[in-house]
Amino acid sequence: MSLLEVVDLDAGYGDLQVLSGVDIHVDDGEYVTIVGPNGAGKSTVMKTIVGIATCLGGSIEYRGTDIAGMAPEEVAHERIGYVPQSDNVFPTLTVEENLRLGAYVLDEVPQDRKREVYDRFPALADRPGEDAGSLSGGQQQMLAMGCALMLDPDVLLLDEPSAGLAPDLVDDMFDRVDEINDAGTTILMVEQNAKEALRRCDRGYVLANGQNRYEDDGDALLDDEEVRREFLGG
Amino acid sequence: MGLLQEAIFGVVTGSYIAIAAIGFTLIYGIVNMINFAYGEYLTLGAFVGFLAASAIPVPLPVAVVLAMIGGGVISIVLARGFFTPINHTGPVPMLLTSIGLGIAIRNAIRLFGGRSARYIETETTTFRFDGVPDVAIGSLDLLGGFFVTSEHLVVVGSAVAVFLAIHALLTRTDVGIAMRAMGDDESLARVRGIDTQLIRDSVWVLAGVLAGLAGVLMAIQTNVSSTTGFSHILQILSAAILGGAGSPYGAIIGAYVIGLALAISTAFLPSSMTGLSSAVAFAILIAVLLVKPSGIAGTEVREA
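Sequence lines, in order, name chains A and B.
Here full-length UniProt numbering is used: the first residue of the first sequence is 1, the next is one more, and so on.
Here full-length UniProt numbering is used: the first residue of the second sequence is 1, the next is one more, and so on.
Accuracy of the hints is not assured; some may be wrong.
To be verified - With a straight-line Cα cutoff of 25 Å, these simulated DMTMM-like cross-link-like pairs (lysine to aspartate or glutamate) come out: (1) B:K292 with A:D131; (2) A:K195 with A:E226; (3) A:K195 with A:D216; (4) A:K195 with A:D171; (5) A:K195 with A:E215; (6) B:K292 with A:D216.
Everything labelled a hint here was simulated from the structure, so no lab data went into it.
Predicted model, so just to flag it, every value in this text is computed and none were measured.
Produce the entire structure from the sequences given, and follow the hints as far as they go.
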């Protein structure tokens, strides 16, 4: 059984439907990416899973529980780690306070998890009392990931983690994601940087116009003539 | 009277404006509305304190605590009745609702309580310092003898206690950090699992408690009537905006700037023109906003 299973999902924002009949499944320990052109609905898949976008039909099962249509604050209790693409930290809160809120649904802040986050991202450990808004773009992205990791999530949803990063930081970011996946956390990632994402992942989906177009192993998609021509710029 | 004495009055005024302005700015920053009925919360809190102290009667500290509890209860009941149901409609309908609610409450109080001002009986001790030399510049005396009353000390002491308590709440507790998080980004707060309605309710109760305290302190310091709160709402609003709307720390600074400006301008203005002192406070507000539109401690203007 899949850890996360999205079946025949229709979703959007208010009356505006973005996704129609999207199927995505993620198995325990897998590293899955969703790629596709702008406006394909990649981010909407994530936002619907965590309850920000409106689910109009279909089902989303996490560990066998249907979470489709739940409010974001309810989904948070399922301990799904989610890193939004932008506005993913509280700018006037300190690094430490942001991490504390990462564990808001837990009874207390797990100190060992916090140490692991600081070990993984030493740049954060150097400035626990600084406002998140004063951090660089790369550091904010690390903090956002750290907040999601505070839940010790079984699955981590990453929405375009490389967006807005300086080119020399992009590789580093993908390395971090590899590390997190190697440590046993399942990854579902949306990426604009399709080639690199498909190289790194186990399995990929190509989404276009709010619908599934292709699904295969990452390498297979990279080698696929049609996928290359249509979506990867040759 | 010397400038030093005016400054003391200014600090006292600034203190109760600051307590109220913290509540006002928390509602603005977290519930995302300008609550023009907030002055009435002060009036109602002051009346609760007055009734407790004179009708029951209870000792003054107990009356103050009852005023705070009363303010909190009134605030959450009014929020549940009038503001929470229209929370999704945005800031403007909520502002208009609060203006209407304020008019209704103010007149209801006048209907039942009459126009006259009521006084809370207190035993006041006055500490005089007459030995201070005058330092006169023209008609202006920079120092001079001054006095401080026990009521002044209660007001300023209460304000300092509130500042420390609010700071501890906002930086040490989950609910306080969640309040600040909601002020930053409500959508991300929900993703983190924060029950935003619970936090809004907490803000309403807290703002009401602060209004009750500010109102009863005004009543102790001067008197209480149906317009006690309303006559201060523009000063509270100015303090909050001056400090950077949504920032409680900025509101504290803004309140003391307004309080001191009101008091000290009376020393400079001819005695026939002291009514202009509130205009001076607003002139400072306009000047600060021209230089820094986000206010003293403000970071950015929040999107509606």
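Evaluated hints:
1. B:K292 with A:D131: 21 Å, holds
2. A:K195 with A:E226: Roughly 14 Å separates the two Cα atoms, so the pair holds.
3. A:K195 with A:D216: Holds - the C-alpha atoms of D216 of chain A and K195 of chain A are around 14 Å apart, at most 25 Å.
4. A:K195 with A:D171: With a Cα-Cα distance of about 12 Å, the restraint between K195 of chain A and D171 of chain A holds, given a limit of 25 Å.
5. A:K195 with A:E215: OK: K195 of chain A and E215 of chain A at ~15 Å, within 25 Å.
6. B:K292 with A:D216: 55 Å, violated
Violation of the numbered hints given earlier is confined to hint 6; every other hint is satisfied by the structure.
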